[in-house]
Amino acid sequence: MGERQSDGGQAGRRRVHPEGTVPAQDRPAPVPGGRPAVGTADLETLLAAALLRGGVDAGAEQRAVAAFVAARESGAHGARTRRRDDWRARRRRLGGRSLKATLSALVAGLTLSGVAVAGIGVAGSSTDGPAEDPKSTHVPPGTTPPATPKSAAPDHGSGGRDADRPATAGDTEAHCRAYEKVEGRGKALDATAWKRLTEAAGGASHVDAYCAGRAEQDGERPGSTGAPGRSTAVPDRSGSGSSGNANDAASGNAGDAPDSGTGGEPAGGSGNADGAGNAGSAGSAGNPADGAGNGAGGSAGRPAEPGGRNP
Amino acid sequence: MGHGGESRRAQAYDGELGAAVARAQKGDEAAFAVAYRLVQPGLLGYVRGLVGDDAEDVMSDAWLEIARDLGRFKGDGAGFRGWAATIARHRALDHLRRQRVRPRASTIEQDVLDLPGAQSTYEQAMEALSTEHALELVGGLPRDQAEAVLLRVVVGLDGPAAARVLGKRPGAVRTAAHRGLKRLAKQLGAESVTDEAPRTLGEST
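Protein chains in written order, with my numbering: chain A, 167 to 477; chain B, 8 to 212.
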């Protein structure tokens, strides 16, 4: 960063060196114009020599030391360190940097998660609507089975909405099919859709039986991929309406749950507790997860529907 | 300038200074005297650039505060330099605030007239750079440039420490120091031949 300064007529002529390197030719040297140039490195040395000249005044030093002793005797040196007294440079620099990084990460995270949640909501509603509307009209509100205690998921923003929203047969079938695929791995079973399925079944240990019951009524449906071996077990219930069956199966299982006495309710509770772990995103993710479930179910089972259903 | 030159002198003492400060914090007054002798010249030069002839008094006040608050300080030798410079600066600014109603008597004109204007060679000009002349040159800079130059060159602080003392961003302080030094170099180069040195002496823009 040295500089060679020449006369006014050539003021634009300058040489800037990278920081920290002061080449030898940057030292002052006679310039053709007859005027000497001043190197900044020399200038610093010069200034320091000029301004640091002179020794320490002994009297002033004695006064300072006396003040130090007085402060020591009065116990002032035990005072707490304030922020401006902490000059441990390394720690501060790190802290400043990490604070900046933390803030930018926070802002970026909020932005991206907002976009993601909004996007999921849009996708979920588009998938949800057509699959659900025709059937949900058959089911009066409030017929969903009693939910497990709300305290299991205190932060669940969509709990009340889930209770009001009737479970549809399509949802249940799709969930049952997907349940068998994902059971035991991943966190998919924590999602709201699974929580709803577990509630409908009356507990985690009843989900298999509940799904079997659902599969029975779908047994006559050709091409049904869900629950092989169960699909033809009890064909006599297949004649009734799908929504009616949904309620029958749900309430029946829910009623059975307390009697089973094999830990069904505790299991259901734990299932819901797992769902609560997801509660951070459940407020808006409930429907999207539902929609995803529908989407998966639709791809698996819908092709067979036009022929076999809607009596 | 850059990272190398500005604080090489200071860094040579920082180990000793840090040890002295650590012992002083445990109550050793002899160590405090050592720290005083190591730091006082630089701080005095810096404060002199701010308040002129009253620098001794201002530093006297500053050392009272330093002596009182030494127990609060945390850091090494270089940190102590910055911490003490912050205290000295606050005392100097207080002093300037009190003095605003009656500006200090200026000896600028006389000093400028005493410049080695007739010098014909660079070496003579440089050798003739007295403390007073250097102070007047620095005092002719805008305040931010003067302070940045003094903290760097005289007190021996590095960029981040000087920025903390001044309460500014390191980049701004680096730029100010660079501009200040450039301007000083230009003035010195011009003065050695002609008397047409910029005489915008004062303490602010």
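It cannot be assumed that every hint is accurate.
FRET-style restraints, in silico, Cβ to Cβ [claimed, not checked]:
| id | chain 1 | residue 1 | chain 2 | residue 2 | range |
| --- | --- | --- | --- | --- | --- |
| 1 | A | Thr268 | B | Ala37 | 19 to 27 Å |
| 2 | A | Thr268 | B | Asp68 | 53 to 61 Å |
| 3 | A | Asp252 | B | Glu139 | 36 to 44 Å |
| 4 | A | Val273 | B | Glu23 | 23 to 31 Å |
| 5 | A | Asp252 | B | Glu36 | 17 to 25 Å |
Hints listed in this document are in silico derivations from the structure and should not be mistaken for laboratory results. It should be emphasised that the depicted structure is a prediction, and the values quoted were computed from it without experimental measurement. Backbone N, C-alpha and C fix where the C-beta goes; we use that ideal spot for every residue, glycine too.
How the hints compare with the structure:
1. A/Thr268 to B/Ala37: 19 to 27 Å: At 45 Å between Cβs, range violated.
2. A/Thr268 to B/Asp68: 53 to 61 Å: At 40 Å between Cβs, range violated.
3. A/Asp252 to B/Glu139: 36 to 44 Å: Check passed, 37 Å falls within 36 to 44 Å.
4. A/Val273 to B/Glu23: 23 to 31 Å: violated, 46 Å
5. A/Asp252 to B/Glu36: 17 to 25 Å: holds, 24 Å
Checked against the numbered hints above, the structure violates hints 1, 2 and 4; every other hint is satisfied.
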